[in-house]
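Sequence order for the protein chains is L and Z. Using the working numbering, count along the first sequence one by one with no gaps and you end on 123. Using the working numbering, count along the second sequence one by one with no gaps and you end on 119.
Check each hint, because a few of them may be wrong.
List of simulated lysine-lysine pairs, DSS-like, C-alpha gap at most 27 Å [as the list claims (entries may be wrong)]: (1) Lys85(L) / Lys49(Z); (2) Lys14(Z) / Lys76(Z); (3) Lys30(L) / Lys66(L); (4) Lys41(Z) / Lys57(L); (5) Lys46(Z) / Lys85(L); (6) Lys57(L) / Lys46(Z); (7) Lys49(Z) / Lys77(L); (8) Lys66(L) / Lys77(L); (9) Lys24(Z) / Lys57(L); (10) Lys45(Z) / Lys30(L); (11) Lys46(Z) / Lys27(Z); (12) Lys30(L) / Lys41(Z); (13) Lys57(L) / Lys49(Z); (14) Lys57(L) / Lys72(Z); (15) Lys66(L) / Lys46(Z); (16) Lys57(L) / Lys85(L).
Under 7 Å between C-beta atoms, here's a sample of chain Z residues computed to sit facing chain L [claimed, not checked]: (17) Asp35; (18) Tyr38; (19) Phe47; (20) Ile50; (21) Gln103; (22) Gln112.
Worth flagging that the hints you see were computed from the coordinates, not collected in a lab. Nothing here was measured: the structure is a model prediction, and the numbers come from that model. Just so it is clear, CB atoms sit at the ideal spot from N, CA and C, and this is done for glycine as well.
Each chain, written out:
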Amino acid sequence: AQSVAQPEDQVNVAEGNPLTVKCTYSVSGNPYLFWYVQYPNRGLQFLLKYITGDNLVKGSYGFEAEFNKSQTSFHLKKPSALVSDSALYFCAVRPRSGSARQLTFGSGTQLTVLP
Amino acid sequence: DTAVSQTPKYLVTQMGNDKSIKCEQNLGHDTMYWYKQDSKKFLKIMFSYNNKELIINETVPNRFSPKSPDKAHLNLHINSLELGDSAVYFCASSQGGQLNTEAFFGQGTRLTVV
Chain L
9 AQSVAQPEDQ VNVAEGNPLT VKCTYSVSGN PYLFWYVQYP NRGLQFLLKY
59 ITGDNLVKGS YGFEAEFNKS QTSFHLKKPS ALVSDSALYF CAVRPRSGSA
109 RQLTFGSGTQ LTVLP
Chain Z
6 DTAVSQTPKY LVTQMGNDKS IKCEQNLGHD TMYWYKQDSK KFLKIMFSYN
56 NKELIINETV PNRFSPKSPD KAHLNLHINS LELGDSAVYF CASSQGGQLN
106 TEAFFGQGTR LTVV
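Whole structure, please, built from the sequences with the hints as guidance.
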């Protein structure tokens, strides 16, 4: 069975500082990995995904994520945080084969960027 | 043009009632999902349909019944609502044959059972 862990429920960072939101996964083989963001009272919005190739993936709004196979991690990063980045972030995994098409999500990390 | 739309956005109802949530996607996707987000924001898959066929049915009470009249629609009907059903329900869609594609989510339906 596939699973995703986001070890931090809450991450606080000052505006202008770099941010990292952590994600580790457990799945057979190499999965597809995704990050989504949820603003208050809104649905989930896709940020970026890892399929293959370069381990550093760039996505929307200046976010990027680094795939690390040996550590089974896919941490979300941004060089300079904005107050508007404050939201709930979800990491998700989907296996490359099999009948399971659904995304399995982590428990979410609330990011607060302080002005 | 909204890609995945759910109605209603808010639903307040009494215990024991039956209610439905509708979902439509205009992305041409062949796979649709229902997710439940609980009060702690945890997202859990409930159902998945591919080309109108049920392919995932997680451990969900049989009071919940999905119905897919066509590839663009996946409705969720809930019988005999209970307090514990209060949550936000998200519909999503993706192109099922392409596992590397992202899913698109609706805005959610906040269900409150009183």
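TODO: Please write out, lowest number first, the hints stated earlier that are contradicted by the structure.
DONE: Hint check: 9, 14, 17, 21 fail, others pass.
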